[in-house]
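Based on the provided sequences and hints, a complete structural model is requested.
Protein chains: 2
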Amino acid sequence: MPTRRQFIGKAAVAGSAIVGMPSLSSFPDKKEFFVHHVYFWLKNPDSPDDKNKLIEGLKKLSKVKTIRTFHMGQPAQTNRDVIDRSYSISWLLFFDSKADQDSYQSDPVHLKFVEECSSLWTKVIVYDSIDI
Amino acid sequence: MPTRRQFIGKAAVAGSAIVGMPSLSSFPDKKEFFVHHVYFWLKNPDSPDDKNKLIEGLKKLSKVKTIRTFHMGQPAQTNRDVIDRSYSISWLLFFDSKADQDSYQSDPVHLKFVEECSSLWTKVIVYDSIDI
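Just so you know, the protein sequences line up as chains A and B, in that order. All residue numbers in the first sequence are consecutive under my numbering, ending with 132. All residue numbers in the second sequence are consecutive under my numbering, ending with 1132.
One should not assume that every hint holds.
To be verified - To give an idea of the interface, some chain B residues facing chain A are shown, with a C-beta separation under 7 Å as derived from the structure:
#, residue
1, G1073
2, A1076
3, I1125
4, Y1127
5, I1132
Everything labelled a hint here was simulated from the structure, so no lab data went into it. The C-beta atom is built at its ideal place from N, Cα and C for all residues, glycine as well.
In structure tokens, the structure reads:
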């Protein structure tokens, strides 16, 4: 296997979009991932204020303890027919199990995020995926 | 940071949907991720043969050297209004940069995958995201 194939993850620091600390010891038993990918379409996509409010809300949301790793993103420069780049924010989470994802959905931090931020978006699409 | 927040990645073995070897040494300089998420809708979604052909094609595709980490998935059991679970296969890739993703698009392995497998699907949606 090429040595370039490596982890994803990085200690959460300002400017870093991925959290996660590598742990060799936790690898051998890792068999399952629950991938929860959310795309947000803002009501006011050209408002930097609204975008920042959502980003700040997601930063708080990232503290939910069952989240294994997250990535917060925005559309890349790529542009082909099959690419949907109309969303404002991508919110990608990895959980260890469906149970952890279910717990996240009902976590008070998540409920507060929805309460505080749901007025910002007009559309959300979620794709939940499990290992094949 | 909670100790549960860790990397994603695992040496590619049968049954493992994520590739990647953790490398502590490569962390400190990691500042950028290019997330390429593809959803495939099969022409014959109820055909196990077609699904398996696509899975086998993606396994070969995963050998492209610029891929840092990948996850191959299928819809989870979750089911809410905002969830799209109509796709057949989720193909999630992490690259170190847009340049690496561009290289992947034109890699002979990728071109061969498209040639061999594109007849299997009727629709593809791609979301490319970069760090905020």
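Results for each hint:
Restraint check, G1073(B) versus chain A: the minimum CB separation of about 3 Å is within 7 Å; hint holds. For A1076(B), the interface hint holds, the least distance from its beta-carbon to any beta-carbon of chain A being 4 Å, beneath 7 Å. A hinted interface residue such as I1125(B) counts as satisfied when its beta carbon comes closer than 7 Å to some beta carbon of chain A; here the least separation is about 6 Å, so the hint holds. At its closest, the beta carbon of Y1127(B) sits 6 Å from a beta carbon of chain A; the interface hint therefore holds under the 7 Å criterion.
The interface hint given for I1132(B) holds, since its Cβ lies 5 Å from the closest Cβ of chain A, which is under the 7 Å cut-off.
Violated hints are absent here; each numbered hint is respected by the structure.
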